Amino acid sequence: MKVTDEEFNKRAKADFDTSVDALDAATLSRLNRARQAALEELQQPARQWTRWVPAGGLAAVALVAVMIVQDPVGIDGPPPTAIADMEILLGEDSIEMLEELEFYSWLDVMEQDDDVG
Amino acid sequence: MAVGSAVFAVSCTGTATTGTRELQKEQQLNRFLAEVERRALRIAEIGVRDRDEALDLVQDAMIKLARNYSARSQEEWTPLFYRILQNGVRDWHRKQAVRNRVMSFFGRKRDEDNDYDAVAAAPDPGGRAPDEQLQNHEAMQGLEIAVHNLPARQREAFMLRTFEGLDVAATAEAMGCSQGSVKTHYSRAVHSLRATLEEHRPDDMYVAEGKR
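In the order they appear, the protein sequences are chains A and B. 41 is the number that our numbering gives to position 41 of the first sequence; each next residue is one higher, with no gaps. 164 is the number that our numbering gives to position 164 of the second sequence; each next residue is one higher, with no gaps.
Because the hints were derived from the structure by calculation, they are not lab data. Since the structure is predicted, the reported quantities are computational estimates derived from the model, not experimental observations. Heads up, some of the hints might be wrong.
Under the rule of at most 25 Å between Cα atoms (straight-line distance), these lysine to any residue pairs were calculated in the SDA-like manner [to be verified]:
no., chain 1, residue 1, chain 2, residue 2
1, A, K13, B, G180
2, A, K10, B, H191
3, A, K13, B, R72
4, A, K10, B, D52
5, B, K64, B, G165
6, A, K10, B, K95
7, B, K95, B, D52
8, A, K13, B, E173
9, B, K64, B, S104
10, B, K183, B, D91
If you anchor each label on the Cβ, the simulated ranges turn out as follows [claimed, not checked]:
no., chain 1, residue 1, chain 2, residue 2, range
11, A, K10, B, T18, 27 to 37 Å
12, B, R21, A, Q36, 15 to 25 Å
13, B, H148, A, K10, 16 to 26 Å
14, A, A25, B, H191, 33 to 43 Å
15, B, E26, A, D24, 40 to 50 Å
16, A, D5, B, E26, 35 to 45 Å
By construction, the Cβ of each residue, glycine as well, lies at the ideal position given by its N, Cα and C atoms.
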């Protein structure tokens, strides 16, 4: 006999709660640290935007912008929306990634070699 | 002199009152975050299928809530927190898509799910019997994958309503849409999940009665 929607939801919620209760100590510790970091925000005065984008990051963004606009051959799916992509690429962590493109590229090569081996 | 002392006393009282209020606010926020953080982590983890990324997203949401909305009433915190978190999850997916495109320029397309080891990320036993733990883990894993594969809005509606237990109004606020849309997304999510689990796992406890 099939379960009702209500029964389905109850079971889903129960299993979800069990998985929450079983989170390991290391994860709980990281959550605690995250919470303390958030609470420290209450003590901080309003911040001014003072971070400067590194020149290397800008150069990397320019390079990738050209790559995206040109829509290189071999990329799956529809062509990207360049403006939306640029918003993401100009984000702080994306710039960090772009600055380390050579490293990621090397990682890819190593993974491919591992796959072959 | 007496006037000066009075001004100083009023000033000190005002400072003390402000300090007490700030302390109370901090304690309230601490309690709120401690209460919500573990469920939020699992919800984010189901959304991105990566615990480390989910931890980062939860921390970002906590910091943004504290920085921008701590002055709001406590009743508003839950939908605001989940709105921030869901926006973070959506941004994460957009960034992944762009990164995949960038990385593909170097010859290889990355698949965000390929690196996720559900077994490695599985929680500790928590004192349950091994067979019970295994049964729960398998059921949750099946459900987790099915929820992850839902369209984003359906996934958000299902997790906020079922896992977090938000009502329709709070879910609508968290998702930034109408209550009618929440009902539609949620209904479709439940229908889709049941169909998926029934199709792929006909003996699953989510499908057949009397398995527990």
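Checklist entry - Taking each numbered hint in turn, which are not upheld by the structure, reported in ascending numerical order? => result 3, 4, 6, 9, 11, 15
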